[in-house]
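Q: As given, the protein sequences belong to chains H and V, one line each in that order.
All letters in the first sequence, in the order written, are residues 1 to 332 by this note's numbering.
All letters in the second sequence, in the order written, are residues 1001 to 1308 by this note's numbering.
None of these hints come from the bench; they were simulated from the model.
One or more hints might be untrue.
Unchecked claim - Straight-line distance between alpha carbons at most 27 Å, and here's what the computed DSS-like set of lysine-lysine pairs gives:
no.	chain 1	residue 1	chain 2	residue 2
1	H	K65	V	K1123
2	V	K1085	H	K88
3	H	K201	H	K269
4	H	K124	H	K88
5	V	K1225	H	K124
6	H	K124	V	K1123
7	H	K7	H	K201
8	H	K82	V	K1221
9	V	K1215	H	K129
Said to hold, decoys possible - Partner residues aside, some chain H positions facing chain V, computed with beta carbon under 8 Å:
no.	residue
10	K88
11	G149
12	F155
Unchecked claim - To list a few chain H residues with every Cβ distance to chain V over 12 Å, as calculated:
no.	residue
13	E83
14	S95
15	M96
16	D100
17	T103
18	I109
19	V125
20	Q132
21	K326
22	L327
All values derive from a computational prediction rather than experimental measurement.
Glycine included, every Cβ here is placed at the ideal spot set by N, Cα and C.
Take a look at the letters that make up each chain.
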Amino acid sequence: MSDKLLKIEDLVVHYITDDGVVEAVNGVNIGVDRGKTLGLVGETGAGKTTTALSIMRLIPHPPGKIVSGSIELEGTDLLSLKESRLEKIRGDVVSMIFQDPMTALNPVITVGDQIAEAIMIHQKVGQSKAAQKAREMLEIVGIPGNRAGEYPHQFSGGMKQRVVIAIALSCNPKLLIADEPTTALDVTIQAQVLELMKNLKDKFQMGMVLITHDLGVVAEVCDDVAIMYAGRIVEQGTLEEVFNTVKHPYTEGLFNSIPNIDDRRDKLKPIRGLMSDPYNLPKGCSFYDRCDYAMPVCETQKPPKIHFGETHFVECHLYQEQQDFKLNGGKE
Amino acid sequence: MTRYILRRIFMMIPVMLGVTLLVFFIISLTPGDAASMILGQEATEESIQELREEMGLNDPTAVQYVRYMGGLFQGDMGRSYATGKTVSSEIAQRFPNTFVLTVSAIFLSVLISIPIGVVSATKQYSIFDNVGMIIALVGISMPSFWTGLLLIIAFSLTLGWFPSGGMEGFISLILPAFTLAIASTASITRTTRSSMLEVIRQDYINTAKAKGVSKNVVIRKHALKNALIPAITVIGLEFGILLGGAVLTETVFSWPGIGRLMVESIQRKDTPMVLGSVIVFALAFSVVNLIIDILYAFIDPRIKSNYS
Chain H
1 MSDKLLKIED LVVHYITDDG VVEAVNGVNI GVDRGKTLGL VGETGAGKTT TALSIMRLIP
61 HPPGKIVSGS IELEGTDLLS LKESRLEKIR GDVVSMIFQD PMTALNPVIT VGDQIAEAIM
121 IHQKVGQSKA AQKAREMLEI VGIPGNRAGE YPHQFSGGMK QRVVIAIALS CNPKLLIADE
181 PTTALDVTIQ AQVLELMKNL KDKFQMGMVL ITHDLGVVAE VCDDVAIMYA GRIVEQGTLE
241 EVFNTVKHPY TEGLFNSIPN IDDRRDKLKP IRGLMSDPYN LPKGCSFYDR CDYAMPVCET
301 QKPPKIHFGE THFVECHLYQ EQQDFKLNGG KE
Chain V
1001 MTRYILRRIF MMIPVMLGVT LLVFFIISLT PGDAASMILG QEATEESIQE LREEMGLNDP
1061 TAVQYVRYMG GLFQGDMGRS YATGKTVSSE IAQRFPNTFV LTVSAIFLSV LISIPIGVVS
1121 ATKQYSIFDN VGMIIALVGI SMPSFWTGLL LIIAFSLTLG WFPSGGMEGF ISLILPAFTL
1181 AIASTASITR TTRSSMLEVI RQDYINTAKA KGVSKNVVIR KHALKNALIP AITVIGLEFG
1241 ILLGGAVLTE TVFSWPGIGR LMVESIQRKD TPMVLGSVIV FALAFSVVNL IIDILYAFID
1301 PRIKSNYS
């Protein structure tokens, strides 16, 4: 049996609007092994959330449309499933944590009931049994079980995110998709929630897709990293490979955008410019106009996929001629 | 919760005072003299003056107002200038008719509008949605007296299914109730649709879907309760408009309610009767809004917790 829990191949997702077609995801290939965590990193608008929602089959339609590709969860092709089958999978086999805990909970339903709902749907248990399990879940995420009867507005942001996590984990999913779970939280709370997620991931033996733009979070939690830019994975590898031997200029740019605490005279070097207009992606490499290493070929031709070892690859023209090309670390 | 309700009841007092004050002075500004109207055209100037003095009409308006309010607090709304009966007995006789009419109208419109609004929102831009919204727009645009006349022409004069007026049993309720319901159905439908559209784009709807909750349950359980909060506000306001509409509808359908009583009293310059009817209308409107506010607290725990 393959160890692959999730396998996405050549996923293409478009949003068809009155103003044109937004090419949000353009051929994404990622995989998550059982019990492993994949970090999906990229700036706002890179297509991370769209990829995540595709796995849940929750792309708002219209305007969103999965154009082509395949998403396999434990060998089952999710894209061909009927809605009724998907409902059985959602919340049971695969769960999702959304970005903003302030809006992710229904304001007129008690948190206990919101957790119990998933349990009742998937585990076919009665109301009192589900309510009891819901209280246990609250305890697991560090909230006293007797607060199950309270409403979301009675909880703080960090507590709400704990509740959201409790909902997502209530049926022991095999895959958890966490869409920037800590972005909306205070730094101190962020660390707590991350720690909690890491522990629970081990406890429940889950695979996880962690979407973030924070490389610090990735270093903390992930086994593998996929760097996403303008709807494509531009570099992917294990945590060590990507962090120690950065290959793609965009990945390098991300690292250079992190302040260096040891050398405060060291200038921050943000990536210049903005992400390409998704209504009108460039013909060649999408990162072309922001790249310090850009060559004429980058403007006209899509970059090739170049492998370094079994797990590490990059999509960039730089390595086509000379595999041992070295990025200069962004120093002039 | 009790404190919240008591507070809301307490807030009704200034509203009622304001209403009586306004109406009393507006009526006093209208031309025409109650005494000469009571005595008829044959009356002598002397007898009119005598009656004016007796009724206290020669006193300043402010004095008359205070005297009226004094009576009102003791439950005395005065006597009708036209019939001589007490206002309260007249209203007690008429009010149930108006109550039945407006309540059936509001029930009718809620029954129709909430489902249509919900379906329209979940199938946005579908044929159902487009047709529904066009009908709603037409419904809003039609004044109720005109709708009433059209319904009479169609269903009583041409088809002969319903009586064109009067109050003989349930069957004569149908046309006026429908007439009243049409305009409010339209606006409640539109409000339900738009608040539903807003709610189904919320993150917590995605959370619910991600839990594996089926589409219908998401709508019924997670979306509707949230979407009802704005809809209920509009239902309360529509009730006020309904009461206003009842004045016209009751006249069109010769329905013996307070609305018609008020119109007749205004024509006769029957001040105590007009005041009495307006106060009952204002009171009814305030009570409905009180009920709405209490309903809010039951639907939205955030409001409830503010007062507990």
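Q: Does the structure break any of the earlier hints, and which numbers would those be?
A: When the structure is compared with the hints, numbers 2, 3, 6, 11, 12, 13, 14, 15, 16, 17, 18 turn out to be violated.
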